[in-house]
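Engineer: Could you slot chain P onto chain V? The hints should help.
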Amino acid sequence: MDLSRRRFLQAAALTAAAAGATAACGGSSGSSGSKDDKDLTLWYWGGALSDKVVAEAKTHFSGQVKLTTNSIGGDFKQKLTTTLAAGAAVPDITGIKGEDIASFLPNGSRFLDLNDLGFKKLSSQYLDWKTKLAQTTDGKQIGFPIDIGPTALYYRADLFDKAGLPSDPAKVAAETKTWDDYYALGAELKKALPGTYLINNLGSVFNIAVGQGTKRFIDENNHFIGDQDHIRAAWDLSVRPYQLGLDGKINDNTHNAALSKGTLTTELGAAWHALDIEQAAPNTKGKWHVSPNPGGPANQGGSYLALPKQCRNPEEAFKIISWILNPANDARGFTDAAIFPACPAAYAMPAMTGPDAFFGGQKIIEVFGPAAEAIPASYEAPADAAVMAPYLTELTNIEAKGKKPDDAWKDAVSQAKQIGQRQGVS
Amino acid sequence: MSSPPVTGPAAVPRHRGGPGPTRFRPRRTPPPGAVRVRRRGVLSHWRQYLAISPFYLVFLAFSFFPVLYSLYLAFQRWDGIGDMHFVGLQEFRFLWKDPVFWLSIRNTLVIWVLSTVPTLVGALVLATLLHSVRRFKGFYRIALYVPNVTSIVAVAIFFGAVFSNNFGLVNAILGTVGISPVPWLSNPWLIKLVIALLMTWMWTGYNMIIYLAGLQTIPKEIYEAAKLDGAGPVRTFLQITMPIMRPIILFTVIISTINGLQSFSEPQILFASEAANPSLGGPGQAGLTTLLYFYQSAFVNNDYGYGAAIVWAFFVLIIVLVLINWRIVQRGRKT
Numbered sequence: 001m002d003l004s005r006r007r008f009l010q011a012a013a014l015t016a017a018a019a020g021a022t023a024a025c026g027g028s029s030g031s032s033g034s035k036d037d038k039d040l041t042l043w044y045w046g047g048a049l050s051d052k053v054v055a056e057a058k059t060h061f062s063g064q065v066k067l068t069t070n071s072i073g074g075d076f077k078q079k080l081t082t083t084l085a086a087g088a089a090v091p092d093i094t095g096i097k098g099e100d101i102a103s104f105l106p107n108g109s110r111f112l113d114l115n116d117l118g119f120k121k122l123s124s125q126y127l128d129w130k131t132k133l134a135q136t137t138d139g140k141q142i143g144f145p146i147d148i149g150p151t152a153l154y155y156r157a158d159l160f161d162k163a164g165l166p167s168d169p170a171k172v173a174a175e176t177k178t179w180d181d182y183y184a185l186g187a188e189l190k191k192a193l194p195g196t197y198l199i200n201n202l203g204s205v206f207n208i209a210v211g212q213g214t215k216r217f218i219d220e221n222n223h224f225i226g227d228q229d230h231i232r233a234a235w236d237l238s239v240r241p242y243q244l245g246l247d248g249k250i251n252d253n254t255h256n257a258a259l260s261k262g263t264l265t266t267e268l269g270a271a272w273h274a275l276d277i278e279q280a281a282p283n284t285k286g287k288w289h290v291s292p293n294p295g296g297p298a299n300q301g302g303s304y305l306a307l308p309k310q311c312r313n314p315e316e317a318f319k320i321i322s323w324i325l326n327p328a329n330d331a332r333g334f335t336d337a338a339i340f341p342a343c344p345a346a347y348a349m350p351a352m353t354g355p356d357a358f359f360g361g362q363k364i365i366e367v368f369g370p371a372a373e374a375i376p377a378s379y380e381a382p383a384d385a386a387v388m389a390p391y392l393t394e395l396t397n398i399e400a401k402g403k404k405p406d407d408a409w410k411d412a413v414s415q416a417k418q419i420g421q422r423q424g425v426s
Numbered sequence: 427m428s429s430p431p432v433t434g435p436a437a438v439p440r441h442r443g444g445p446g447p448t449r450f451r452p453r454r455t456p457p458p459g460a461v462r463v464r465r466r467g468v469l470s471h472w473r474q475y476l477a478i479s480p481f482y483l484v485f486l487a488f489s490f491f492p493v494l495y496s497l498y499l500a501f502q503r504w505d506g507i508g509d510m511h512f513v514g515l516q517e518f519r520f521l522w523k524d525p526v527f528w529l530s531i532r533n534t535l536v537i538w539v540l541s542t543v544p545t546l547v548g549a550l551v552l553a554t555l556l557h558s559v560r561r562f563k564g565f566y567r568i569a570l571y572v573p574n575v576t577s578i579v580a581v582a583i584f585f586g587a588v589f590s591n592n593f594g595l596v597n598a599i600l601g602t603v604g605i606s607p608v609p610w611l612s613n614p615w616l617i618k619l620v621i622a623l624l625m626t627w628m629w630t631g632y633n634m635i636i637y638l639a640g641l642q643t644i645p646k647e648i649y650e651a652a653k654l655d656g657a658g659p660v661r662t663f664l665q666i667t668m669p670i671m672r673p674i675i676l677f678t679v680i681i682s683t684i685n686g687l688q689s690f691s692e693p694q695i696l697f698a699s700e701a702a703n704p705s706l707g708g709p710g711q712a713g714l715t716t717l718l719y720f721y722q723s724a725f726v727n728n729d730y731g732y733g734a735a736i737v738w739a740f741f742v743l744i745i746v747l748v749l750i751n752w753r754i755v756q757r758g759r760k761t
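One line per chain: the protein sequences are V and P, in this order. Under this note's numbering, think of the first position of the first sequence as 1, with each following residue one higher. Under this note's numbering, think of the first position of the second sequence as 427, with each following residue one higher.
Simulated from the structure, these hints should not be mistaken for laboratory data. From the three backbone atoms N, C-alpha and C, an ideal C-beta is built for every residue, glycine too. Possibly wrong hints are sitting among the right ones.
[What the hints assert, rightly or not] Pairwise CB distance ranges (calculated): (1) V748/P x G402/V: 32 to 40 Å; (2) D227/V x H511/P: 19 to 27 Å; (3) Q243/V x Y566/P: 53 to 61 Å; (4) T68/V x V468/P: 40 to 48 Å; (5) K410/V x I754/P: 34 to 42 Å.
[As the list claims (entries may be wrong)] DSS-like mimics (lysine-lysine), calculated; alpha carbons at most 30 Å apart, straight line: (6) K523/P x K215/V; (7) K417/V x K523/P; (8) K523/P x K401/V; (9) K121/V x K66/V; (10) K77/V x K523/P; (11) K410/V x K215/V; (12) K523/P x K410/V; (13) K309/V x K132/V; (14) K287/V x K319/V; (15) K403/V x K523/P; (16) K523/P x K404/V.
Okay, chain V solo, but in the shape it has when bound:
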């Protein structure tokens, strides 16, 4: 029996190999061929683009091409990576999330250079710092900016009133110019309203504090700089609310409940976070207001559209994305899906300048518009997100286990160094 089993395995292996080869042939036929195909596919995820604009794009370009759109659920980056690695059934146009774009840049050769297709002429319409984040080191433009996430301070005006503090956006802005002012205000709020907290957790402060600077964890020469003063300053800033007792220590799924119950008096977040608050706490409608981020704005998230090199009709595909993301349509994304446009021209359009009922009729573009243009440009290395993770983890350790902040800092730095080393950072 031994012999025949081995033979069987051989036969099975051959069959499997043959089946695999057939499948591979079947899949790859789509990506080869001429570059003026009439069928184009677009991959995005729910909320990445305005569904209405996408639907209009289909009819708008129906004369030239047939655009098929796929809203991909689950882990988008993972699915895109797998598809690109396989090289088969690659979408002609794909979305890339802001937090993932850096990790795709080393493989810029997998994408088309949008500058070759005419992005150069359009690029001045879009925020320069956002465009740069989607450029490879040799100057290839991989991503076409969809949106950005300028951060601001969301606050409960009604609770501010209750605490006897000024609640008018202009006055709050004046009172929270710096982080020190902001924490001082938090101390007053806490005194007047026991049981409430200024911030939800330390990580949210750290994210923004790092984003307010021009340097992150790894520099352009691929050196680890996460142990330097600029990160240490952001760290100390993040630990302060914990020491002052202003930290809600919310690291689980109770964030929504805390928002709707009024446990949190303020919330630092990007423009798209407005929608999260609205959905988490519809009962607080009209009670929230927005003012500029203490210490200046940072960016959180904001995605891109890219053309993989297998794109079957680059010219038409580029026409489609530049139409979907032209200022007028980008502004509509804000109304339809709270997507904050990456082109400043859109900020003056009626779609964005209207008062927002959830924020008590405040015109929130007056806060986010100037913030968007004031965001500092910084270099984000491919391994940046991975290297940043241990800092956030250690901040959570301080909150959950009462770990000493200095020990947590040391562990975070040594962890971050190791993760960087594993990914080739020196």
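Structural biologist: What follows is chain P alone, placed relative to chain V:
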């Protein structure tokens, strides 16, 4: 012995009505007249092989090949799309020095012990109880088995809501009797306890069904004899049920070891990551199991070589633990 062996049961019908003594004993040589030279090798059984082949083809393509490929990857540095770089044993050296890897091993082992022991003990007790139940048998069996076929994601979300620190059901109930809120989902030990509880809830029913099947094969006569000799229910259980069930218990221990060490979905859903913090496993990474760490390294950090190294190191650990289990459960068999 060149002729193919003829097995007992298959041979019996041929001898039905034949000479007495040969009926019950398989014959070493085929009876005269029935001699048939069989074709040997694969071809003679091609239908059977064809019938079972779909599983093996799928297995080869989606399990066997990836397993081998991951071994190859463990010696490379690879971001998933770009070029691979051969780095020798470097990934394993990183692994040795990585405190988070060792933390994840500790987490996994603690969660495994916290879940497997109550699961198996509970399953055995429940099976014994259910074995003696006379009414609503089907209802009890289904009720106890349902958690196992419930979606793990749904169960994890449910547990997350029930054990939520600030607004959970458990803390609300504790609050009515004056106990202050317990930080179920942020204390490092309670995190493990909740994950273990979830796994216990899901797997007790599964093991119970297996034990129940085992109990039903024990002849009633043995119990009757024990009763006549004056053995009480506890003694009967310890000295009759347990020894006879030993092989079945061994099976469940090994399956539970393999399953329990592979906990992944439970902490992943319970402490779903957010874009703001890609670290998985909840506060203090107390729920970071080894498989979750592997997932984070490979699929979140795009460090596929390191991820592969993690799972292969973990594979060795599982083998060692299964062997230890085997020895423990088998021990005392001869005495």
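Engineer: Now tell me if each hint is right for this structure.
Structural biologist: Right, here's what the structure says about each hint:
The beta-carbon spacing between V748/P and G402/V, approximately 38 Å, falls within the hinted interval of 32 to 40 Å. For the hinted restraint 19 to 27 Å between D227/V and H511/P, the CB-CB distance of approximately 26 Å keeps it satisfied. Between Q243/V and Y566/P, the C-beta spacing of about 55 Å keeps the proposed range 53 to 61 Å intact. Remark: the range hint 40 to 48 Å for T68/V to V468/P is upheld by a beta-carbon distance near 45 Å.
In this structure, K410/V and I754/P meet the distance hint of 34 to 42 Å, their C-beta atoms being roughly 40 Å apart. For the suggested pair K523/P and K215/V, the alpha carbons sit about 28 Å apart, so the restraint of at most 30 Å is met. With a C-alpha separation of about 12 Å, the suggested pair K417/V and K523/P falls inside the 30 Å cut-off, and the hint holds. Only pairs whose Cα atoms come within 30 Å are accepted, and K523/P paired with K401/V is accepted, the gap being roughly 23 Å.
Using a Cα cut-off of 30 Å, the hinted pair K121/V and K66/V holds, with the two alpha carbons roughly 26 Å apart. Between the alpha carbons of K77/V and K523/P the distance comes to roughly 29 Å, so the proposed pair stays at or under 30 Å and holds. Taking the CA atoms of K410/V and K215/V, the gap is near 20 Å; set against the 30 Å cutoff, the hint holds. For the given pair, K523/P sits about 16 Å from K410/V by alpha-carbon distance, which is consistent with the 30 Å threshold.
For a cut-off of 30 Å, the pair hint linking K309/V to K132/V stands: about 20 Å separates their Cα positions. Among the hinted pairs, K287/V with K319/V is inconsistent with the structure: their alpha-carbon atoms are about 42 Å apart, more than 30 Å. With a C-alpha separation of about 22 Å, the suggested pairing of K403/V with K523/P holds against the 30 Å cut-off. Distance hint between K523/P and K404/V is fulfilled; the C-alpha atoms sit about 23 Å from each other, no more than 30 Å.
Of the numbered hints listed earlier, the single one contradicted by the structure is hint 14.
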